[in-house]
Amino acid sequence: MRYLPLTDDDRRAMLQAIGVADVDGLYTDVPASADWDVRGDLPDHKSEIEVERELLRLAGRNQSGGEGAFFLGAGAYRHHVPATVDHLIQRSEFLTSYTPYQPEISQGTLHYLFEFQTQVAMLTGMEVANASLYDGSTAASEAVQMALRITKRSGIVLAGNLHPHYAAVIKTGLSIVDHSLSETGPDPRESGLQDLSDLITDETACVVVQTPDFFGRLTDWRSLAETAHAKGALLIVVVTEVVSLGAVMSPGAMGADIVVCEGQSIGNGLNFGGPYLGLFATRKKFLRQIPGRLCGRTVDADGREGFVLTLSTREQHIRRDKATSNICTNSGLCALAFTIHLALLGEAGLRKLATLNHQSAVKTATALTALDGVEVLTPAYFNEFTIRLDRPAEPVIAALAARKVIAGLPVARLLPDATELSRDVVIAATELTSDTDRDALVGALKEVLK
Amino acid sequence: MRYLPLTDDDRRAMLQAIGVADVDGLYTDVPASADWDVRGDLPDHKSEIEVERELLRLAGRNQSGGEGAFFLGAGAYRHHVPATVDHLIQRSEFLTSYTPYQPEISQGTLHYLFEFQTQVAMLTGMEVANASLYDGSTAASEAVQMALRITKRSGIVLAGNLHPHYAAVIKTGLSIVDHSLSETGPDPRESGLQDLSDLITDETACVVVQTPDFFGRLTDWRSLAETAHAKGALLIVVVTEVVSLGAVMSPGAMGADIVVCEGQSIGNGLNFGGPYLGLFATRKKFLRQIPGRLCGRTVDADGREGFVLTLSTREQHIRRDKATSNICTNSGLCALAFTIHLALLGEAGLRKLATLNHQSAVKTATALTALDGVEVLTPAYFNEFTIRLDRPAEPVIAALAARKVIAGLPVARLLPDATELSRDVVIAATELTSDTDRDALVGALKEVLK
Amino acid sequence: MNRQGRQSRQEAGTEHVGAEALETFSGHRGLDREERLIFEIGDLEKTGVDLPEPEEGFGSCLGGLEREEPIGLPGLSEPEAMRHFVRLSRKNYAIDLGLYPLGSCTMKHNPRLNERMARLAGFADLHPLQPEATAQGALELIDTVAHWLTTLTGMPAVAMSPKAGAQGELCGLMTIRAALVARGDARKRVLVPESAHGTNPATAVACGYEVDAIGATEDGRVDLDAFMERLDEDVAAVMITNPNTCGLFERDIKKIADAVHEAGGFFYCDGANYNAIVGRVRPGDLGVDAMHINLHKTFSTPHGGGGPGSGPVVLSEALAPYAPLPFVVKEGDAFRLVEDPAAAEAIGAKPFGRLTAFHGQMGMFVRTLTYMLSHGGDGLRQVAEDAVLNANYVGARLEDLLTKSFPGPCMHEVLFDDGFLKDTGITTIDFAKAMIDEGLHPMTMYFPLVVHGAMLIEPTETESKHELDEMIHIIRSLALAAKEGDSERFKAAPSLAPRRRLDETAAARSPVLRWEPAHSGEALQAAE
Amino acid sequence: MNRQGRQSRQEAGTEHVGAEALETFSGHRGLDREERLIFEIGDLEKTGVDLPEPEEGFGSCLGGLEREEPIGLPGLSEPEAMRHFVRLSRKNYAIDLGLYPLGSCTMKHNPRLNERMARLAGFADLHPLQPEATAQGALELIDTVAHWLTTLTGMPAVAMSPKAGAQGELCGLMTIRAALVARGDARKRVLVPESAHGTNPATAVACGYEVDAIGATEDGRVDLDAFMERLDEDVAAVMITNPNTCGLFERDIKKIADAVHEAGGFFYCDGANYNAIVGRVRPGDLGVDAMHINLHKTFSTPHGGGGPGSGPVVLSEALAPYAPLPFVVKEGDAFRLVEDPAAAEAIGAKPFGRLTAFHGQMGMFVRTLTYMLSHGGDGLRQVAEDAVLNANYVGARLEDLLTKSFPGPCMHEVLFDDGFLKDTGITTIDFAKAMIDEGLHPMTMYFPLVVHGAMLIEPTETESKHELDEMIHIIRSLALAAKEGDSERFKAAPSLAPRRRLDETAAARSPVLRWEPAHSGEALQAAE
Ligand SMILES: Cc1ncc(COP(=O)(O)O)c(C=O)c1O
Ligand SMILES: Cc1ncc(COP(=O)(O)O)c(C=O)c1O
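Chains as they are written, first to last, in the numbering used here: chain A, 1 to 450; chain B, 1 to 450; chain C, 1 to 528; chain D, 1 to 528.
Hints in this document: simulated from the structure, not taken from any laboratory. Predicted model, so just to flag it, every value in this text is computed and none were measured. Ideal Cβ positions, reconstructed from N, Cα and C, are used throughout, including at glycine. Treat the hints with care, since some could be wrong.
[Claimed, not checked] In silico contact screen, one side only, chain A against chain C (beta carbon under 10 Å); selected entries:
| # | residue |
| --- | --- |
| 1 | A168 |
| 2 | A230 |
| 3 | T339 |
[Said to hold, decoys possible] Here are a few chain B residues that face chain C, going by a calculated C-beta distance under 8 Å:
| # | residue |
| --- | --- |
| 4 | R2 |
| 5 | L4 |
| 6 | P43 |
| 7 | E50 |
| 8 | H80 |
| 9 | A83 |
| 10 | H87 |
| 11 | S92 |
| 12 | I105 |
| 13 | H229 |
Could you put together the complete structure from these sequences and hints?
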């Protein structure tokens with residue numbers, strides 16, 4: 001087997017050096033009843049050629065984004081990632097290194113993590129950021145837990161227009177702790193700003209909103225931040241489409257106390273949902289409550305500057321049951337991809353990319369507005385908006401998919417109980433969406449709706 | 001433009017440092033009539049997204065090897081290359097380094113070239129090998145030129161069963177020098193051994209044969225070597241399918257004086273014909289007549305072992321008009337791919353690969369023999385053989401291609417004048433050829449021939 | 001800010017310079033280059049991405065929320081970016097450079113075939129919320145990986161979505177919690193051995209439990225007596241790592257499992273060390289109720305710089321119904337995702353909730369399946385056996401000079417303590433840093449906590465005997481040097497790495513966690 | 001054979017060790033690892049490729065020509081191979097690591113988009129002899145690249161098959177020869193300036209011509225008087241590099257072209273330096289008859305370790321008919337390959353023959369087109385101008401300290417000689433090796449031959465001002481150090497690279513060109 005360098009001669013010589021007759025002599029602690037060869041119905045090993053064929057077969061059973069017109073977002077976005085990014089993250093020294101616990105021979109990783117933290121802080125408009133969490137949804141849950149620790153309160157206010165998966169993950173996290181939850185309902189036409197403000201009390205630890213929200217809508221959360229702060233609550237802002245931060249006012253500028261993002265859009269592919277990249281940024285005064293790793297600058301024994309993982313007394317490997325989170329492995333390589341892509345884009349590139357996305361969405365919305373049986377619900381948006389059809393959305397989306405048009409997310413898939421939204425579709429367009437794609441969508445939709 | 005790091009501010013500052021007003025001030029030596037912007041009808045620059053789309057469009061107009069059943073060889077072979085190979089040759093330090101003229105910071109390249117030379121010498125059964133030439137065909141021409149220099153004779157004997165492109169390249173090289181050429185005719189049924197022996201005279205510089213020959217046939221050239229040597233001529237053996245050397249007696253063992261190979265089969269893809277890899281091996285007594293680069297072992301100022309390019313007094317950059325060849329840029333990266341793939345294979349893997357190829361060809365021949373209107377002409381072969389159809393081959397091959405079966409080379413394509421071979425097809429099978437592929441070939445052929 | 005690192009000299013240096021003591025004008029040293037931050041080389045106007053031109057005069061629909069102030073993000077041209085990151089990468093150690101004997105981390109070879117497969121458009125360019133009919137291959141793949149994991153572990157079910165081992169632990173404990181709640185049994189404690197990885201107690205607390213730490217015996221196993229003493233009806237679960245973090249198989253594992261079951265609790269097994277037994281021992285046969293498997297360890301998915309991982313959790317019959325959303329079910333020839341509570345309930349499941357958006361680490365599943373198919377059902381056992389053989393060989397070759405903490409054969413990793421450094425003035429960390437100078441990554445240090453100055457060596461099965469012998473030579477040479485009093489070599493180490501020892505105390509005392517533009521004053525200081 | 005390189009010490013070292021002078025037990029130095037040959041670590045039985053199993057007892061059709069004796073090829077497992085080649089790679093300098101200012105080599109950034117495109121199955125997995133109907137995209141691509149090249153150069157035709165610049169030269173001269181032969185004009189001489197690249201005279205001789213070398217003027221151009229003197233009816237061609245190898249544009253280029261045409265000869269232009277004028281100056285407007293273009297220089301295709309390249313030759317009307325086989329023609333919407341003399345004659349062409357099997361460097365064409373489309377017809381001019389600007393900037397910033405060989409602006413490269421090192425005892429090569437210690441690749445040395453101790457610096461357009469400034473700082477610092485007598489720094493250099501200076505004389509005196517198994521006695525010695 002090509003991954004196993006030991007030859008039979010090696011094995012024999014090594015067993016002899018150890019002083020056992022065979023490898024079974026090393027497994028003597030294992031109860032005999034449990035020590036046997038596990039094969040079940042698993043297939044025997046395959047050659048590289050055959051493995052490749054099998055994976056090609058499986059990949060071939062999926063309709064990839066490039067195969068047709070594509071308008072799906074809802075928390076994961078199809079963007080162009082320059083070839084340079086994927087090339088660089090595959091450098092052996094990045095791909096096959098471990099967490100940088102030995103800083104003297106991990107400066108490569110630590111250096112980019114410092115850059116990553118700075119980029120994330122700038123992008124979100126916050127003071128500090130960590131070195132990544134699993135993804136946006138778990139970051140959101142960590143943010144809520146952090147708010148509970150900081151405020152020592154138990155009230156949580158959740159916006160109904162938060163991505164339903166994010167809400168579910170937050171609630172799963174909350175299910176363990178004492179808490180009281182208040183929520184607004186999902187509504188593509190309403191930001192929920194007033195209702196949310198009304199729900200904040202003196203017991204509220206945090207209020208969680210999203211921008212652009214699940215339906216694509218943009219809302220100015222500044223007044224909500226003021227209300228929250230006046231009541232001693234924290235404002236947590238979730239961003240699932242980080243490219244929007246190249247065009248839209250930052251959560252920091254809106255007064256957010258904690259910002260969590262799904263960072264996938266920059267540098268990372270769709271990958272059917274993972275691995276993704278959780279961004280986590282906050283105010284410096286909450287530094288010691290941050291979950292996950294932090295990279296900091298320092299000097300070496302010769303006085304040369306360098307970087308280390310720092311403040312690890314927050315972390316499980318030092319603090320164990322007192323840690324701020326149990327996270328260990330994070331999203332290092334995805335963070336690298338993000339850092340490279342954003343370093344390539346720079347301010348100018350990111351802003352242009354954001355403009356392209358916005359224009360692409362506006363063009364798509366304009367084209368759809370012209371259709372009978374389609375109503376665009378979202379007044380202000382970045383690259384995603386919601387439409388309402390004249391009939392239930394799920395069969396329409398399925399019919400479009402059969403025509404190679406992946407047309408968007410039928411809201412009912414994630415909010416099956418919100419029957420009033422069963423005709424709604426969340427539609428995203430990016431820099432990859434071409435006029436041809438739009439024509440395909442409009443054409444197919446006309447056919448299906450007629 | 002993303003490849004140009006200078007900003008307009010940089011340009012201004014630099015022009016000022018130089019002391020010219022604008023860049024035109026640097027082009028003053030160019031005749032004004034020739035100094036203008038060249039755009040013609042060339043399209044304006046495109047974004048990375050658009051460039052990718054255009055190249056995908058072009059690639060989509062080709063039927064790649066994996067899209068159907070594939071049986072084409074004739075000097076270029078479709079083999080499996082492990083993912084590791086392509087990953088490694090893309091390491092920045094390999095991909096973007098230059099010819100190792102500064103050995104202190106090129107030991108990576110020099111080290112693998114030393115390994116490459118050794119592998120090639122072993123594989124061909126020869127004493128020494130160079131660091132690569134462009135491809136097999138130009139290597140063959142260089143070999144003939146070298147034989148002329150060594151023997152100071154002018155007679156060349158070419159086997160008719162040499163790959164027609166190779167023969168053409170050799171003749172192009174010969175067209176410049178005084179020479180007398182004798183050739184046998186192409187014949188899939190005959191090795192031409194006796195005829196070739198008969199053509200060797202006291203004026204013969206070299207006789208050039210191929211193994212397996214263009215028609216896939218294996219021939220024992222030992223007696224030809226003896227005849228040649230007896231007459232003071234050199235035997236040049238061409239190998240277009242190096243994988244055969246894992247199963248078939250080496251040219252060195254047959255008595256070759258110079259062996260040239262197309263090395264593409266190991267480590268390198270089909271690439272529509274290039275870049276490929278010329279292997280060149282010979283006896284050590286001819287060392288100073290070798291064309292191209294040579295890497296040798298030495299020590300550094302601290303006595304540590306290391307490698308350098310050596311014997312460069314043969315080469316154009318030192319010897320100019322006295323050089324053994326004008327070659328400069330060679331096939332470095334392809335040689336690296338070869339070295340890595342062969343280091344992975346090792347003796348055991350290469351032999352297994354060769355066996356698989358041979359079995360695949362035998363199975364294919366067996367399946368074809370059973371067909372009406374098909375005759376297998378080649379008695380002994382490695383992974384390629386020739387069949388004769390009951391009608392002209394070219395239209396049959398075209399009809400098969402339309403059925404997604406790339407069925408082999410109609411001999412008439414490369415030997416249009418050999419009308420007696422117009423019904424012949426050279427068919428190759430490799431480790432990638434599956435039983436399904438064979439069934440597809442047989443099925444489609446039945447249809448087309450009926 | 002001087003980021004040149006090594007001292008640089010002014011143009012007119014004249015002193016005599018000896019070979020390696022040479023100070024360079026540039027601060028670089030041959031191929032070892034210093035590099036600055038993108039914020040110091042980039043430019044707000046520059047970009048390394050060529051995008052289509054947006055349309056001019058296009059009316060925006062941003063609702064007046066334009067981001068007006070500069071963000072501050074520097075851009076690099078493509079060649080500059082390439083250099084920056086290539087230069088940085090060269091300051092890292094990596095599996096591809098040499099042995100990475102980090103105990104508990106299973107740093108094995110990461111096959112490039114896996115990378116190629118994960119990048120097939122059919123996997124990489126696939127949206128998690130596409131209609132299921134357009135993603136049947138992806139769902140089949142998840143189902144196939146699940147089948148491998150349940151078969152290999154002898155467990156009936158698996159939750160695929162956890163994003164890494166720690167989240168797998170959370171998943172396991174939440175499943176246990178849900179099962180207990182379902183039977184109206186609100187237990188409060190989780191027993192965790194002292195030798196456990198930090199994520200175990202952290203997870204137990206994150207799951208709302210109190211942690212009760214169990215000591216170790218002389219021979220590095222869970223203290224069965226102590227365990228029995230603490231075990232009662234209030235114990236929700238015991239979390240045991242097996243093979244444990246001392247690299248030993250828990251001999252009493254079945255007794256422990258039986259006891260905890262008897263007491264009405266569950267047995268959570270930390271499967272981070274599954275590499276020692278994969279293909280040979282089924283955790284299901286040992287009484288395990290839940291166990292996470294770090295695919296990025298045992299199944300070789302790369303996690304450069306610290307992630308990403310993937311931590312599916314295999315579950316016993318008792319726990320299976322409570323597995324979180326989503327999961328894949330097969331209906332006839334079609335695969336379907338169960339994504340919401342109603343759909344789950346419809347098929348009798350009672351998921352405790354959802355751990356993450358979407359469906360888990362698909363990119364890792366592709367790599368894992370590629371790896372599984374390559375080794376085959378017949379081949380994985382050899383992985384475990386070679387891993388164990390390698391560790392024992394290292395143990396055997398070092399035990400005369402170093403202090404092996406526990407006698408007898410170990411599993412996939414071998415534990416030493418700092419006994420052999422007694423009276424030398426050299427500590428475990430000094431020893432480790434000297435290994436860096438010798439071209440090796442150190443072993444895991446000071447973990448597990450049950451021995452003094454722990455050195456935990458896990459070579460993995462993808463090391464050749466030659467590489468092991470070289471490591472053994474290096475460690476032996478260093479051990480002898482230590483014993484002979486060559487302490488300078490250790491205290492000064494590393495001196496040949498891109499950096500010497502870094503001041504971690506200073507870093508934590510006044511944290512500088514981001515670059516700040518010079519004009520905004522001194523770098524960010526933590527405010528507390 | 002001791003391949004450990006750096007001295008290694010025995011286990012029991014006890015002396016005091018200072019930081020960088022530290023000798024390691026392993027011979028490695030931190031991340032800088034020594035590595036042996038595959039022949040020393042591999043194994044005849046081992047393989048790193050998992051293939052399907054051949055069938056047992058399968059009758060062979062090899063005609064009794066089985067290879068029986070062992071070949072001797074070592075195999076490595078995949079992890080071992082990965083390490084071996086990654087470790088080796090780290091001993092190389094590369095564009096991706098830093099400035100690679102090799103004059104005449106145009107070592108510019110190699111975009112990774114090009115690599116991705118070249119690996120599309122539609123190009124990479126395409127056989128050169130597939131039916132044309134199944135390769136229309138490939139033929140269209142070749143035709144498109146050809147169209148770009150002829151448009152940019154203002155020439156009517158292009159031969160696409162040459163495998164590199166040198167073969168392009170051969171192609172050009174053979175075309176000229178064929179044109180002359182066709183008119184019954186057997187000329188014997190080719191005029192080549194002394195400053196020419198070695199391939200020029202080598203090619204002329206390979207093409208059966210005598211080389212007549214023309215000197216250079218004071219200002220680094222072809223000596224027009226000398227040229228006129230040598231020009232006669234026996235001159236088949238003049239081979240001139242323009243911009244020339246001194247980095248200067250040949251001011252008299254049109255006069256030369258006119259004169260050679262008048263004398264019935266042809267003007268071959270060596271286009272290796274085309275990067276200086278691409279998009280701005282059309283060689284066709286200068287009277288060129290044939291010019292090769294090194295796609296691996298101007299059009300950025302990677303040629304790591306020395307190749308592969310690609311050297312299409314643009315041709316004038318007079319030469320076009322003689323272009324070698326094969327070539328692509330468009331018929332209606334379809335592209336067709338003309339592969340044999342008969343087919344060529346049928347459309348009025350008279351090809352001089354065939355230079356290579358198949359159709360040229362397709363892999364390079366894909367990368368070239370990707371690069372062309374990225375810069376665009378509107379953008380390539382900026383490539384040339386930035387390349388020229390960068391070179392002139394370096395010249396301007398260095399000319400006070402170094403000796404710039406020729407006054408006035410240069411093109412894409414700037415030439416210095418060793419005048420500034422006079423009386424220092426330091427030579428061009430010493431200076432170059434000191435650059436290595438500073439983290440830079442040296443410039444081209446001792447070429448062109450027309451100045452003493454040449455240093456030819458070509459930064460290319462893909463260098464930022466920051467990188468240039470750093471190089472300038474390094475070179476200035478070194479120049480000052482040299483002038484101030486710090487000769488030890490230069491004589492001992494490099495001391496910070498993976499190797500110090502290597503003994504090239506010894507290498508050539510008794511060449512060891514391959515590994516030999518120990519038992520077969522001492523390594524191969526050249527026999528002469
Ligand atoms: C024993 C043990 N348990 C749990 C974990 C946590 O796994 P992960 O890092 O994947 O979250 C680790 C990983 O380091 C470990 O070694
Ligand atoms: C001026 C000049 N001419 C010709 C050549 C030869 O080109 P190639 O190396 O592509 O064969 C070179 C390349 O180094 C060159 O610099």
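Against which earlier hints does the structure fall short, listed by number upward?
2, 6, 8, 13
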